[in-house]
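Please build the complete structure, drawing on both the sequences and the hints.
Okay, here's what each chain looks like letter by letter:
2 protein chains.
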Amino acid sequence: MPDGMEQEPVEEGSDHREISVAEFFEKNKHLLGFENPQKSIITVVKEAVDNSLDACEEDSILPEVHVLVDEIGNDKCKIEIRDNAIGLDRETIPKVFGKLLYGSKFHKLQQSRGQQGIGISAAAMYAQLTTGEPVTVYSKQEGEPCHKFIVKIDTEKNEPEIIEDEIVDPESDQFPGDKDYYFDHGTSIELDIEAKYTRGHHSVRNYLKHTAIMNPYARVVLREPNGNKIEYPRVSKELPPKPKEIKPHPNGVELGVVLRMIDNTDSRTISSFLQNEFTRVGRTSAEEICEEADIDTGRRPNTLEKEEVEQLLNAAEKVKLQSPPTDCLSPAGEDLMLKGLKKELNPEYTTAVTRKPSVYSGNPYQVEVGLAWGGDIEDEGSYNELRYANKVPLLYKKSACVTTKAVEEVDWSRYNISQSGGRPKGPLYISIHIASVWVPFTSEGKEAVANYDPIRKEMKLALQEAGRKLGKYLKRKERKEIQEKKKRKLTSYAKEMGPAIAQLAEEGDPEEIENQIQQMVERDYNPEQL
Amino acid sequence: MPDGMEQEPVEEGSDHREISVAEFFEKNKHLLGFENPQKSIITVVKEAVDNSLDACEEDSILPEVHVLVDEIGNDKCKIEIRDNAIGLDRETIPKVFGKLLYGSKFHKLQQSRGQQGIGISAAAMYAQLTTGEPVTVYSKQEGEPCHKFIVKIDTEKNEPEIIEDEIVDPESDQFPGDKDYYFDHGTSIELDIEAKYTRGHHSVRNYLKHTAIMNPYARVVLREPNGNKIEYPRVSKELPPKPKEIKPHPNGVELGVVLRMIDNTDSRTISSFLQNEFTRVGRTSAEEICEEADIDTGRRPNTLEKEEVEQLLNAAEKVKLQSPPTDCLSPAGEDLMLKGLKKELNPEYTTAVTRKPSVYSGNPYQVEVGLAWGGDIEDEGSYNELRYANKVPLLYKKSACVTTKAVEEVDWSRYNISQSGGRPKGPLYISIHIASVWVPFTSEGKEAVANYDPIRKEMKLALQEAGRKLGKYLKRKERKEIQEKKKRKLTSYAKEMGPAIAQLAEEGDPEEIENQIQQMVERDYNPEQL
Chain A
1323 MPDGMEQEPV
1333 EEGSDHREIS
1343 VAEFFEKNKH
1353 LLGFENPQKS
1363 IITVVKEAVD
1373 NSLDACEEDS
1383 ILPEVHVLVD
1393 EIGNDKCKIE
1403 IRDNAIGLDR
1413 ETIPKVFGKL
1423 LYGSKFHKLQ
1433 QSRGQQGIGI
1443 SAAAMYAQLT
1453 TGEPVTVYSK
1463 QEGEPCHKFI
1473 VKIDTEKNEP
1483 EIIEDEIVDP
1493 ESDQFPGDKD
1503 YYFDHGTSIE
1513 LDIEAKYTRG
1523 HHSVRNYLKH
1533 TAIMNPYARV
1543 VLREPNGNKI
1553 EYPRVSKELP
1563 PKPKEIKPHP
1573 NGVELGVVLR
1583 MIDNTDSRTI
1593 SSFLQNEFTR
1603 VGRTSAEEIC
1613 EEADIDTGRR
1623 PNTLEKEEVE
1633 QLLNAAEKVK
1643 LQSPPTDCLS
1653 PAGEDLMLKG
1663 LKKELNPEYT
1673 TAVTRKPSVY
1683 SGNPYQVEVG
1693 LAWGGDIEDE
1703 GSYNELRYAN
1713 KVPLLYKKSA
1723 CVTTKAVEEV
1733 DWSRYNISQS
1743 GGRPKGPLYI
1753 SIHIASVWVP
1763 FTSEGKEAVA
1773 NYDPIRKEMK
1783 LALQEAGRKL
1793 GKYLKRKERK
1803 EIQEKKKRKL
1813 TSYAKEMGPA
1823 IAQLAEEGDP
1833 EEIENQIQQM
1843 VERDYNPEQL
Chain B
1323 MPDGMEQEPV
1333 EEGSDHREIS
1343 VAEFFEKNKH
1353 LLGFENPQKS
1363 IITVVKEAVD
1373 NSLDACEEDS
1383 ILPEVHVLVD
1393 EIGNDKCKIE
1403 IRDNAIGLDR
1413 ETIPKVFGKL
1423 LYGSKFHKLQ
1433 QSRGQQGIGI
1443 SAAAMYAQLT
1453 TGEPVTVYSK
1463 QEGEPCHKFI
1473 VKIDTEKNEP
1483 EIIEDEIVDP
1493 ESDQFPGDKD
1503 YYFDHGTSIE
1513 LDIEAKYTRG
1523 HHSVRNYLKH
1533 TAIMNPYARV
1543 VLREPNGNKI
1553 EYPRVSKELP
1563 PKPKEIKPHP
1573 NGVELGVVLR
1583 MIDNTDSRTI
1593 SSFLQNEFTR
1603 VGRTSAEEIC
1613 EEADIDTGRR
1623 PNTLEKEEVE
1633 QLLNAAEKVK
1643 LQSPPTDCLS
1653 PAGEDLMLKG
1663 LKKELNPEYT
1673 TAVTRKPSVY
1683 SGNPYQVEVG
1693 LAWGGDIEDE
1703 GSYNELRYAN
1713 KVPLLYKKSA
1723 CVTTKAVEEV
1733 DWSRYNISQS
1743 GGRPKGPLYI
1753 SIHIASVWVP
1763 FTSEGKEAVA
1773 NYDPIRKEMK
1783 LALQEAGRKL
1793 GKYLKRKERK
1803 EIQEKKKRKL
1813 TSYAKEMGPA
1823 IAQLAEEGDP
1833 EEIENQIQQM
1843 VERDYNPEQL
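In order, the protein sequences belong to chains A and B. Numbering-wise (my numbering), the first sequence opens with residue 1323 and increments by one. Numbering-wise (my numbering), the second sequence opens with residue 1323 and increments by one.
Straight-line C-alpha distance at most 20 Å; calculated EDC-like pairs for lysine to aspartate or glutamate: (1) A:Lys-1642 - A:Glu-1599; (2) B:Lys-1628 - A:Glu-1486; (3) B:Lys-1430 - A:Asp-1337; (4) B:Lys-1398 - A:Glu-1627; (5) B:Lys-1430 - A:Glu-1340.
These stretches of chain B come out as covered by chain A in the derived footprint (C-beta under 8 Å, 3 or more residues): (6) 1347 to 1357; (7) 1570 to 1580; (8) 1628 to 1642; (9) 1717 to 1723.
Simulated from the structure, these hints should not be mistaken for lab results. Quantities reported herein were computed from a predicted structural model and do not represent experimental measurements. Virtual Cβ for every residue (Gly too), placed ideally from N, Cα, C.
Have a look at this one:
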């Protein structure tokens, strides 16, 4: 009875309607990190700085990021973030800042800080919601004029509404930027938001400090509301290799996604489809997959039944394919992990481990861990944690984060570290970084990483590897302390024994004999050799 | 220089593009509760059952919900959910199941289980992603034909794609439903999903059990993959009063939202705008607000400057307005909280507290707490928790939930309950329910409630109130035990003393004297009177 289409539309009583994604996130702004004025200011800065760093690296520019915060009323701040990145073209600006779910990174398999196309437009939405003010954007590409836009979000449509669109002369007062640092290219944005500027762990300052540590090739300047300027200088002029974009790997990709790829492909045969649309599938592997699935390589992809696609995916699991390439990743590296900890904490011991890249659900990722012990680190009972995802510091939702679950799975007592409630105790900092083409955050606010089994396991392995090194150090230190004690005892014996032996010998010089004993002690109990 | 609009579009190099909300959630399916096959099956059932119960209550129908699970392959299940609700009209069906962010509840301030317009279409999306299968829907309104739809989601557009649209005859074999329970109205859906059917805390069965407990006017039937049928019978034929829809309250509404309301209003004066678009603003309060803000009541709303709207909102804070009405809420009630605990756990003591409604960010909400102690409850070290939001059981993300934070803030030792790490210990179950027109979940999967200060405080107060009662009981019990001990001691004395005294008295009957002493002991140490 497929005549349904001819029926009259029935509308009575239905109050169903479409919800714009901007309306959705306006009402759920806590999902984006806009729970309260103290957190919201960090979220706004974070989203803007993430974009600035991504845009600089995209074009191999050494990043220069300025964050200016002014208090403009009760619980209200004006935030300006300026960068020297490549700049945005005129057509793109309104949508980047005035439309949620719009961006350049979502559809790419490539490590970047932003990935969702929500962050900066959500910041603009938050400004509009709390102060009624639109966002002002200046963006200049090299050799192009500087565009100024004032943009609102039409929340019910999730579309930008352009209030002002003009060109600003670099000589004019309106041209943004510290006159000390004229940027020939870059983007500046200004947002008025409900905000509370605070100090401490959960602060813009701490966020920028840790951003600077993980991105030592960036120069970051913060001007606080009281006019105080803090500079995190560039300590390295070397940009990390730019992560490459990759295609999906046949292992881990969902059936529904492959069916859609088949709908959209230009490839005329299954073999070329497999080779063109996936990574790590060459001609031989494509043929092996088809043979394993008992499907003709030469068929048109769109002739495949759903069951046959499933067979192909299963076959791809059986055929030995190379792991996905990992030049799509840009880890910090053990050196940087160590430097960050040393600079920040002045500990007595540090160690770092960068694991080899691995894959979850077809997404390459890589885990790095650093441990710092003692020195200026105070023993506050439990350990402290520094968490990063794609070089972005994570300040919130520690207990919901996979990093914490991984820490709790390690048996720290094996490494001479006492623990309570599964967590290590002592003057210990643990820093964990995950780099991935797609970090599975627990919410759109990107505050914590979801507890995925393979990720947690990699983290645990890294923690164990670093833990073993720290454990050895602590053991050595303990032994050294015991030996130092013995040595001190023997030395004090020597002082007393020297004269006695001299007397007994009746010919030697007591001081000489004491020295000889001392040397013996030194030789036998040199802690450096233990 | 506002001549920007005349420039040529520059497109080069920009790979910015729109991201459909379906693409976004497909890639972030863990945000919706689709982390793994075991959890995903619960999420699918939950979203469908939530909708069924909402739809029944919407039209005052005593709910009848059937959940049928069949294993159809390795880690694959067919899930059917059937209800006797009002049914959907033909025009609405494809979008309800084939488009994310579409629904009837998002724009209403009224307590309901669903609120986002994501759940059931996300379930369909998950089915399509993991098994490639579209969703099949049968829906029948009273006196109307039964519509059958097979619907896919065009993920890149977030729009439904109708594969089949026909009318099914109630006599035909295709007409869905247990032939025992012919529903003249209702909706049935069928989904093939990647799933793992398990038992235990995290299971469909447990989810339905707790749903039945909180919704005793519903009859819920589960058919497990092995054919085993479990019925949760209807234990009450009384539907709770239907929650009413309300308008926003001026206190707590964001500036940006009011600016938009002004853009959309038909009201011709500020006074009528305030009266028509807000709850608890009558003519007198409207005039008071305007006077406080020094703004003429008769002005057209759209002549207001942003600053004036801010003044109005500030004025509304100062003018004493009544709290929002609370008939938009439908709490479970203390009786039901107690019944649920008793039925489930067979404890030796239960107590429940339903707090008066309160308001966060303009949203009315209400907190209920039940405590159960001892009896069949085993002491597993830490307490156990049953969590509900708008009568929906929450099974996951306990540690991220405001309920847990509230429990940890209570000083349980004051109520004779020992605690460790801030959490109460002993044979204790805590059940917490939040009813609200808008529950702030920590993710789209609606698994935990965000840690909002006012909500946590209300929960803490409810826990303290219930805790005091439990504490009194435990104290009484402790005293009773001490007295029982004394009594036992005295009784045994009596046994020995009776004959001795009798002998001493040389005249009395030893048994009589023993009885008299016994009576004295009874009178003085009756634990019931303590």
